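Could you build the full structure based on these sequences and the hints that come with them?
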Amino acid sequence: MAAWAALRRRYWASVPARLRLLRAATCLLAGTLAVLLLMAGLTALGTWSSVAGHDAPRTTSAADLDLALNDMDAQAANILLSNGDAGQGRLQTPYEKAVGYYGDARREIGHDLNTLAVAAQGSRADEKTVESLTDGFAEYQELIGRALENDGHHGGKAGALADYRRATDLLRTQLLPAADRLLTSNDAAFDTEYSSGRSGLRTELAVVLVLGVLLPAVLGVLQRYLARRFQRTLNPGVLAATVCTLLAVLLGAQMLSASAEHLRVARRDAFDSVVALSNARALAYDANADESRYLLDPQRRDQYAGSFLAKSQQLYGLKGATLTTYDSELATTWQAYETDHHDLRFTGDFRRELDNVTFPGERAAAEKTVQTYAVYQRDDRRIRALLAAGKEHEAVEFCMGWEPGTSNAHFGAWMTALKKVADINRAHFTSSVEEGRSSVGSLLPWTCGLLCVVMALTALGLRPRLAEFR
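For the sequence shown, position 385 matches number 385 in our numbering, and the numbering has no gaps at all.
Since the hints were derived computationally from the structure, they do not count as laboratory data. The structure presented is a predicted model; accordingly, all values stated were derived computationally and were not measured. The beta-carbon is built from N, C-alpha and C at its ideal position, and this holds for glycine as well. Honestly, I wouldn't trust all of these hints.
In silico lysine-lysine, DSSO-like type, Cα no more than 30 Å apart, as pairs [as the list claims (entries may be wrong)]:
#, residue 1, residue 2
1, 419, 97
2, 97, 157
3, 97, 391
4, 419, 368
5, 157, 391
6, 420, 319
7, 368, 97
8, 368, 319
9, 420, 368
10, 420, 97
11, 419, 319
Here are the simulated distance ranges between beta carbons [said to hold, decoys possible]:
#, residue 1, residue 2, range
12, 419, 268, 19 to 27 Å
13, 123, 200, 16 to 24 Å
14, 191, 335, 30 to 38 Å
15, 402, 114, 27 to 35 Å
16, 162, 438, 52 to 60 Å
17, 449, 114, 40 to 48 Å
Structure below.
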């Protein structure tokens, strides 16, 4: 009690002591709020740098790796399928395009592996996965190289096919599962960064609002005390400090809430769709490869037909559908969707994208993707029907041709439509990142500057009153 009495006499018993205490409380709260907002702003900028410079690129690199592996294997099958017998009877345009796309995919894989190796540093599991992928990819290239070499000799198709089987089995059992693990790991790391960033922003906003109530309250007590003790209605300095405080709290809250919202749009509205669409593209290339494998390898036709259907179900899932019934069920369910956009009787990546339509033009682009996909699916049935009718050469020409109306032309139209949807989401991801950075960069200096002004105005406003007691 004696200590409390001593403290009360020192800090509250006299008018100067009370004014100094209220000034100290005001400056302490304003300084704390300024430091909090400064740290929150710098943390938000760090989050945006991590998202744009690290988390998103390594996730998209993993998705691109998955696609390039599928594309490379598809083009290897196309080279073997279009080459004829050591070049005799070669389908020239399909062969040249397949060779070019094969080289492009191989270079893309090398680039993606280098990017992922750098991104994996610090994660032993990811480092081992990248090492395994690199070694496996070297073995895969050796097998494909042998297949292409054998295919260059007359009568070498059987040996080439045996090597290709070993290569595509290696791809399916080792390389693609490893690429999927990297994609899952990198996407999960991005999601962790996102959740942590959003949680931190919400917590900081709550603290800012609490301090934003306390600081004006202390200034109100100070203003009221001055009015009663010195018989003045308002103290200009304290009044200006109060106005600056309210403005600083408003700008600080806007900065944090805007950054949190831009982060949500970047991750949930945009990047979730980018990942789903990247997965759809990889599945599409693998399904297209299954058609070439189906024509190339008669002994495995049942396996490749089942694989094609499984990928189709992952893209546009229809419960219980077979290759025979898939087209009619797709048409029925899509017609139901076009009549009522809430009537979605299918599953898969296309369903996830349509459930997450957010941006202008995105729905029309997504619908165009499904419509071009339906055309490509009908082409697949035509290929199988030609083969069943004994018209193998016609089936191969239709599957691998690039002229308008052929399967590859329709596949290209499907990929163009799919890319357009992905580009819409990528553009909004980029704009959300830029707007999130801008909201911090433009509001943070004003907020912290106003709080410094609050401290200065409070001190200046009380200076004449304290001078009266000297």
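Structure-based check of all given hints:
Restraint check: the Cα-Cα separation between residue 419 and residue 97 comes to about 20 Å, which is no more than 30 Å; the hinted pair holds. With a C-alpha separation of about 20 Å, the suggested pairing of residue 97 with residue 157 holds against the 30 Å cut-off. Of the pairs offered as hints, the one joining residue 97 and residue 391 holds, with about 23 Å between alpha carbons and a cut-off of 30 Å not exceeded. Pair hint residue 419 plus residue 368 holds up; C-alpha atoms about 11 Å apart against a cutoff of 30 Å.
For the hint pairing residue 157 with residue 391, the CA-to-CA distance comes to about 20 Å; that is within 30 Å, so the pair holds. Under the criterion of a C-alpha separation no larger than 30 Å, the hint pairing residue 420 with residue 319 is consistent with the structure, at around 28 Å. Between residue 368 and residue 97 the alpha-carbon distance is near 26 Å, which keeps this suggested pair within the 30 Å criterion. With a CA separation close to 23 Å, the supplied pair residue 368 and residue 319 stays within the 30 Å bound.
A C-alpha spacing of about 10 Å is found between residue 420 and residue 368, which places the hinted pair at or below 30 Å, so the restraint holds. Proximity of residue 420 to residue 97 is assessed by CA-CA distance (about 23 Å); at most 30 Å being required, the pair is judged to hold. Annotation: proposed proximity of residue 419 to residue 319 holds, straight-line Cα distance about 27 Å (limit 30 Å). The given range of 19 to 27 Å is respected by residue 419 and residue 268, whose C-beta atoms sit roughly 21 Å from each other.
Our hint of 16 to 24 Å for residue 123 and residue 200 holds, since their Cβ atoms are close to 22 Å apart. A hinted range of 30 to 38 Å for the beta carbons of residue 191 and residue 335 is consistent with their spacing of about 36 Å. Taken as a hint, the range 27 to 35 Å holds for the pair residue 402 and residue 114, whose Cβ atoms sit roughly 32 Å apart. Between residue 162 and residue 438 the beta carbons are some 59 Å apart, a value that agrees with the proposed interval 52 to 60 Å.
For residue 449 and residue 114, the hinted distance range of 40 to 48 Å is satisfied, since their beta carbons lie about 44 Å from each other.
No hint from the list above goes unmet by this structure.
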